[in-house]
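Assembly of the complex is requested from the two constituent chains, each provided in isolation within its own frame, with the hints serving as guidance.
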Amino acid sequence: MSEQSLNVVGQSVLRRDGLSHVTGKTLYIDDIQFPDMLYLKMVRSPLHHARIQGIDFSEAEKVPGFVRAFTYKDVPKNIYTILCLIGVGPDEEPVLAEKEVLFKGEQIAAIVAQSEEAAIEAAARVKLDLEELPAVFDVEEALKPGAPILKPWGTNYFVYEGHHCRRVRFGNIEEGFAKADFIVEGCYEPKPIEHAPLETTGCVAKPEANGRITVYTNTQALYFSMDNTALILQVPFNKLHFVGGTVGGAFGGKVDVIVEPIASLAAMHTGHPVKYLYTREEEFHVSSTRVAYRIYFKDGVTKDGRIVARQVTSYADSGAYNRHTPYAATKHAANISGPYAIPNVHIDVHCVYTNRVPTSAMRGFGVTSASFATELQMDKIARTVGMDPYEIRLLNAYRNGDMRPYQKVVSDATLVEVIKSAAEMVNHPLGKRFQAMTSWDRPNSPAQPEPVSAEKRS
Amino acid sequence: MASKIVTFTLNGHETEVLVKPLTTLAKALREKLGSTATKCGCYEGNCGSCTVIVNGEPVLSCILPVEEVEGQSVLTLEGITPPEGLHPLQQAFHENFAVQCGFCTPGMLMISKALLDKNPHPTRAEITEALSGNLCRCTGYDPIIAAVQQVAAGNNGNQGGTHE
Numbered sequence: 001m002s003e004q005s006l007n008v009v010g011q012s013v014l015r016r017d018g019l020s021h022v023t024g025k026t027l028y029i030d031d032i033q034f035p036d037m038l039y040l041k042m043v044r045s046p047l048h049h050a051r052i053q054g055i056d057f058s059e060a061e062k063v064p065g066f067v068r069a070f071t072y073k074d075v076p077k078n079i080y081t082i083l084c085l086i087g088v089g090p091d092e093e094p095v096l097a098e099k100e101v102l103f104k105g106e107q108i109a110a111i112v113a114q115s116e117e118a119a120i121e122a123a124a125r126v127k128l129d130l131e132e133l134p135a136v137f138d139v140e141e142a143l144k145p146g147a148p149i150l151k152p153w154g155t156n157y158f159v160y161e162g163h164h165c166r167r168v169r170f171g172n173i174e175e176g177f178a179k180a181d182f183i184v185e186g187c188y189e190p191k192p193i194e195h196a197p198l199e200t201t202g203c204v205a206k207p208e209a210n211g212r213i214t215v216y217t218n219t220q221a222l223y224f225s226m227d228n229t230a231l232i233l234q235v236p237f238n239k240l241h242f243v244g245g246t247v248g249g250a251f252g253g254k255v256d257v258i259v260e261p262i263a264s265l266a267a268m269h270t271g272h273p274v275k276y277l278y279t280r281e282e283e284f285h286v287s288s289t290r291v292a293y294r295i296y297f298k299d300g301v302t303k304d305g306r307i308v309a310r311q312v313t314s315y316a317d318s319g320a321y322n323r324h325t326p327y328a329a330t331k332h333a334a335n336i337s338g339p340y341a342i343p344n345v346h347i348d349v350h351c352v353y354t355n356r357v358p359t360s361a362m363r364g365f366g367v368t369s370a371s372f373a374t375e376l377q378m379d380k381i382a383r384t385v386g387m388d389p390y391e392i393r394l395l396n397a398y399r400n401g402d403m404r405p406y407q408k409v410v411s412d413a414t415l416v417e418v419i420k421s422a423a424e425m426v427n428h429p430l431g432k433r434f435q436a437m438t439s440w441d442r443p444n445s446p447a448q449p450e451p452v453s454a455e456k457r458s
Numbered sequence: 001m002a003s004k005i006v007t008f009t010l011n012g013h014e015t016e017v018l019v020k021p022l023t024t025l026a027k028a029l030r031e032k033l034g035s036t037a038t039k040c041g042c043y044e045g046n047c048g049s050c051t052v053i054v055n056g057e058p059v060l061s062c063i064l065p066v067e068e069v070e071g072q073s074v075l076t077l078e079g080i081t082p083p084e085g086l087h088p089l090q091q092a093f094h095e096n097f098a099v100q101c102g103f104c105t106p107g108m109l110m111i112s113k114a115l116l117d118k119n120p121h122p123t124r125a126e127i128t129e130a131l132s133g134n135l136c137r138c139t140g141y142d143p144i145i146a147a148v149q150q151v152a153a154g155n156n157g158n159q160g161g162t163h164e
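Here the protein sequences come in this chain order: A and B. Number 422 in our numbering belongs to position 422 of the first sequence; there are no gaps in the numbering. Number 115 in our numbering belongs to position 115 of the second sequence; there are no gaps in the numbering.
Hints were generated in silico from the structure; no laboratory data involved. Treat the hints with care, since some could be wrong.
Stated by the list, open to error - To give a feel for the contact side, a few chain B residues facing chain A, derived at Cβ under 8 Å:
| # | residue |
| --- | --- |
| 1 | A37 |
| 2 | Y43 |
| 3 | T81 |
| 4 | Y141 |
Claimed, not checked - No more than 30 Å apart at the CA atoms, straight line, and that leaves these computed lysine-lysine pairs for DSBU-like:
| # | chain 1 | residue 1 | chain 2 | residue 2 |
| --- | --- | --- | --- | --- |
| 5 | A | K25 | B | K118 |
| 6 | A | K179 | A | K151 |
| 7 | A | K62 | B | K32 |
| 8 | A | K303 | A | K179 |
| 9 | B | K32 | B | K4 |
| 10 | A | K127 | B | K4 |
| 11 | A | K25 | B | K32 |
| 12 | B | K4 | A | K62 |
| 13 | A | K62 | B | K20 |
| 14 | A | K99 | A | K127 |
| 15 | B | K20 | A | K25 |
Heads up, the beta-carbon is just placed ideally off N, CA and C, and yes, glycines get one too.
Isolated chain B, as found in the complex (with noise of 0.2 Å):
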């Protein structure tokens, strides 16, 4: 079958990618558009490190084919990055020792945004049942869970990113 390209809004700009038929918006990130902050650890939807946001809502990129974003707006971890300094979520996990190994980080700070964007204000038991298809390896889950509590104890309900 005969590659196409798909356009789609990656955190604020118009992007064209070309791409053979069934290739998943995480290969097409990671592969055709260089955006490698969105890590695979299983390729096949059940460890969330590949998670992004697209048109509001935190989604497996591997397992999605990126004709379904066709239109739609997505948002990585490079789209919550600011060009200088750091997210709040970024500055929480950074001080919270919310990472070890780094590899569920990306994925972690997304399902966090996702939550924290429709409630800026949840309960732990809120916040453990949306991190709840992240898996970290490293066991630092008490950690990641605080850094989303400090920020969202802080939250003025205005946690967006960067492009949004």
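With the rest of the complex left out, here is chain A (with noise of 0.2 Å):
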């Protein structure tokens, strides 16, 4: 096809959402008002770990507008987790708090109200007898014998088949140690982030006529949301209708679901439309965030600059709940050795709750914050060894034709071209043999051991 017959590719082509977006007819969850609408608030933990004692809506049940309030007892099946989904378990998260809550703005009970003022009022008048109980924000305190048990199975750490953690092994970490003229050791902790987005997280819920229930939202995870939605209801799917695709900014902080199955259990039990939206403090407070890491680099290398072991051992900051957090630690663990050829790794990645707000996704969750330790500890390998950063890169980068530590063969390797783009880019000079290397030879080296090739490994 020669490239005159393209009408797309090459050509800048307008946003299909772009002339709803510049006239302001783009409807978001905000936007979306029914005459008879109701609005939940919520009644949020104020500590980061306490027992529940009581919770006394006397107050609040005399403010005028008020309709309702909800609490775990109303929810059909209360405890869930996100990634059930693609068979992540055990069920770990309730949709309201029972016995005891695990962090700060954990949700405790719903207040459905006639505006959005009198929602708000009731909110606040409800009485919370809390008892306070030790908490723990630090991975590596929560591993500590001693140390608050979050989860009902009696540690603070998700089990990956069996397993404390998740492994990656491969090759011989000693014996590539023992081939090491350095050992280069580094930690990294990369925080979590809030995205901010400009429209908070929020949902519309509505009941029809024929029985199901409509509900608008701004998740980025729409089917997702509703296969959520529809166990925690424990109502067929077909018995929801959701209505999503514009998003006001998300970056992977709407895929919990979090606010559509509240909204959907008040739209059932009252009848009316119910928006639950997020308010910006909300969104600060209690949305999850970017998975935080504590991430420890112990590699062994040549004097020449080759990465012969690497052994990583490192803590993902989960939070209370999973969220996509166990996911994440998964993909972090994937990604942790880095685009490289390294022959014997040995990695560790703990899933680990704390009483701090849940994590969960975010741009590349688990795979950013892999690559931000990883180069970092590239350059300061560089620096040990005396070796220009482009080079100590090109010298160890992956082929095609090489096993990953996971267990794959690169087949899609263009990291050396990209690297040498990236130099050329900046006038960064590179040696010759350097300049000579792509990303389906190895150059000869008396240093280079022998490329870890899928035949070798297999």
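Here you go:
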């Protein structure tokens, strides 16, 4: 096909939703209104870790416009975990807290009222009787004996197929270290980040005459939200009609299923449309953040710059609940060795629970934090060995045909070409043997270990 | 406290709205008058999404009590959108991909219009200064600035909306 016959490739194609956005006609969740709509506000835990002794709604009920309060007892299947849909378990997060709260801001009871003001007022008047419990905020402290235990299975870590962490084993780490001239250690701590989308998380759930609930939501994960909502409400999927696609910014922050189940429950029980939209304060305080990690590297490197062993112990702070973090930690484990051919790799990634706000997805979750740490470590190795940071990466870059530590053969590597282009663009000089490198062959080098080929490892 | 009627000009039309005391202009526009092009990202005057123009001045409608605009002239995005086609700023935002999720767009357009009405040929620094109170979390500031620059470059001094 000639280039002239292409009408999209090579062209700037205007956004499908652009006209709607520039005229302000796009409807976001807060733009959706129904005349008989009710407003839902959440009673949240003021403490990081506490036992719930009692909840007193008597003053809230007196607020003009108060309609109804909901607690966990109203939720058909209160305990869930979002990723149950892809086999992650066990369920561990309550829609509404039962006996205990594990983070400050956790949902305890939902108040539904005729106006937003009444809902805020009534929620503020709910009296909580809480017994404060010791809290833990550090991933390594949470794994020490004597730490407050947060999960019913008796530990503060996610269990990966019977193991206390996600493990990757490749080659022989001790043999690798024995061949090294330098041991390069590093600790990196990418912090939690709030996505802060301009449109806060929210939905409107509207009961229909045919018994279905229409849910207008700004989720990034429409069917994930629908399926989880159906499971939580214990209704067939066809009782729910999810309408979405318009998302006022999200960046991974709108993949958790938090607002839809409780708004749908409230709509079912009141017979009215119910809006549950986070305030900006809620978006900052209680929506999931990017996962924070503490990542320890111990690398064995030869004096000519070849990484021969990489041992990583990383702790993912999941906060109080799973959300998407067990999955993020798995991706993290797969990527923390970097796009480099390292013959001996030993990785432990712990998915740890603390009394912090749950963490979840954000832009390349698990991988971005791994790349951040890996590349800082590469620079440290370059400085230790006394090599150019581009050249040390070219030397160690994976090639097509290499086996990755998680047992996948590389078939789409272009890293060598990308690094060479980047060097050229910033006029960074490269040595001749580095200029000659490609992603399809390894240069001969006396100190270069045998390439880790798929054949040899199988 | 009793509700009261506030009268003002909205996009060239005399408008009455019955509101409770302390109702903000944004709430009155969005919830009472169905004028939802004005967005609210924070309801506390921080993000700029709710920017509208009152008597030629850009204001944050989410923290302005609607009583304050009694007898004043309010211009929202609906008011600069022609019956057919687009305002030059809208056209430039669309063509320059100055729009991603779209939520900040109405506020960005109104602050840009307020700027160009006063200063038809702003420098890049003046554009950046004018837009500095409006957040875009898709981090698309450069195309937004480019769109405003494009309109300013073609500006013949007649940047008026349809109701001015």
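For this structure, which hints from the list above don't hold up? When the structure is compared with the hints, numbers 4, 6 and 10 turn out to be violated.
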